[in-house]
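Chemist: Sequence:
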Amino acid sequence: MKISSAIFSAFSATRRVGNLRIARSSLIKSAHLLERIGLASVGASGGLYVGATLLRQKAGLFESGWIVLITMAYGALGYYVGIDLSGNVAPRSTSNISEEWNGSEPVEIMSAAGTFGAAIAATLSVSILVLDQNLPNGLIGFVAGCWVVGSSLQVAAGTMARNYEAPVSGQ
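Take the sequence shown: its letter number 56 is residue 56 in the working numbering, and every next letter is one higher.
Incorrect hints may appear among the rest.
[As the list claims (entries may be wrong)] Derived DEER-like restraints, expressed as beta-carbon distance ranges: (1) 70 x 133: 36 to 42 Å; (2) 113 x 25: 30 to 36 Å; (3) 139 x 163: 32 to 38 Å; (4) 105 x 69: 33 to 39 Å; (5) 139 x 30: 41 to 47 Å; (6) 137 x 32: 37 to 43 Å; (7) 38 x 108: 19 to 25 Å.
Hints were generated in silico from the structure; no laboratory data involved.
Cβ coordinates follow ideal geometry from the N, Cα and C atoms, glycine included.
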């Protein structure tokens, strides 16, 4: 018997036992929490790079070390709240012929755009730091803007997704 088959049969055996269903649900919730904490860590590390890039410029507002902490906290919040949307907004399989507007599309688009903007800012920041570049303030402002807009879109999308109630079918 293959190991994957043994694991699958062990999980299917737990479904039959009534008392283990609660434990399995708790395990899934714990795994989901760990996933979200991991996403927050990714957001914080991206914020660390963006904050370090801003701190390196030594320009007015960005001279304080607090900018690093602020960008890390905002990145962690954005990735924790905005990337892993709730099940109510998760993509559903629909017919390609007649797709109907269900109200979740703006949330998904905002989350995707926010993730893209924050990722671009983090990537540019890492490349600026690794290559030890001295860039004009306009480009650094672009990186900071991508980070703020991207993280804000993630927070807004996550908040909207958690407040969104799926329509009840049949009414």
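Chemist: Given the hint of 33 to 39 Å, check if residue 105 and residue 69 actually sit that far apart at their C-beta atoms.
Modeler: holds, 35 Å
Chemist: Using the beta carbons of residue 113 and residue 25, state whether their distance is inside 30 to 36 Å or not.
Modeler: Roughly 33 Å apart at Cβ, these two residues keep to the hinted range, so it holds.
Chemist: Would you say the C-beta atoms of residue 139 and residue 30 sit inside 41 to 47 Å of each other?
Modeler: holds, 42 Å
Chemist: Mind checking the hinted window 19 to 25 Å against the Cβ distance between residue 38 and residue 108?
Modeler: holds, 21 Å
Chemist: Quick check: does the Cβ-Cβ distance between residue 70 and residue 133 fall within 36 to 42 Å?
Modeler: Hint violated: Cβ distance 23 Å, outside 36 to 42 Å.
Chemist: When you take the CB atoms of residue 139 and residue 163, is the distance between them in 32 to 38 Å?
Modeler: Between residue 139 and residue 163, where Cβ atoms are some 36 Å apart, the hint holds.
Chemist: Does the beta carbon distance between residue 137 and residue 32 stay inside 37 to 43 Å, or does it fall outside?
Modeler: About 41 Å separates the Cβ atoms of residue 137 and residue 32, which means 37 to 43 Å holds.
Of the numbered hints listed earlier, the single one contradicted by the structure is hint 1.
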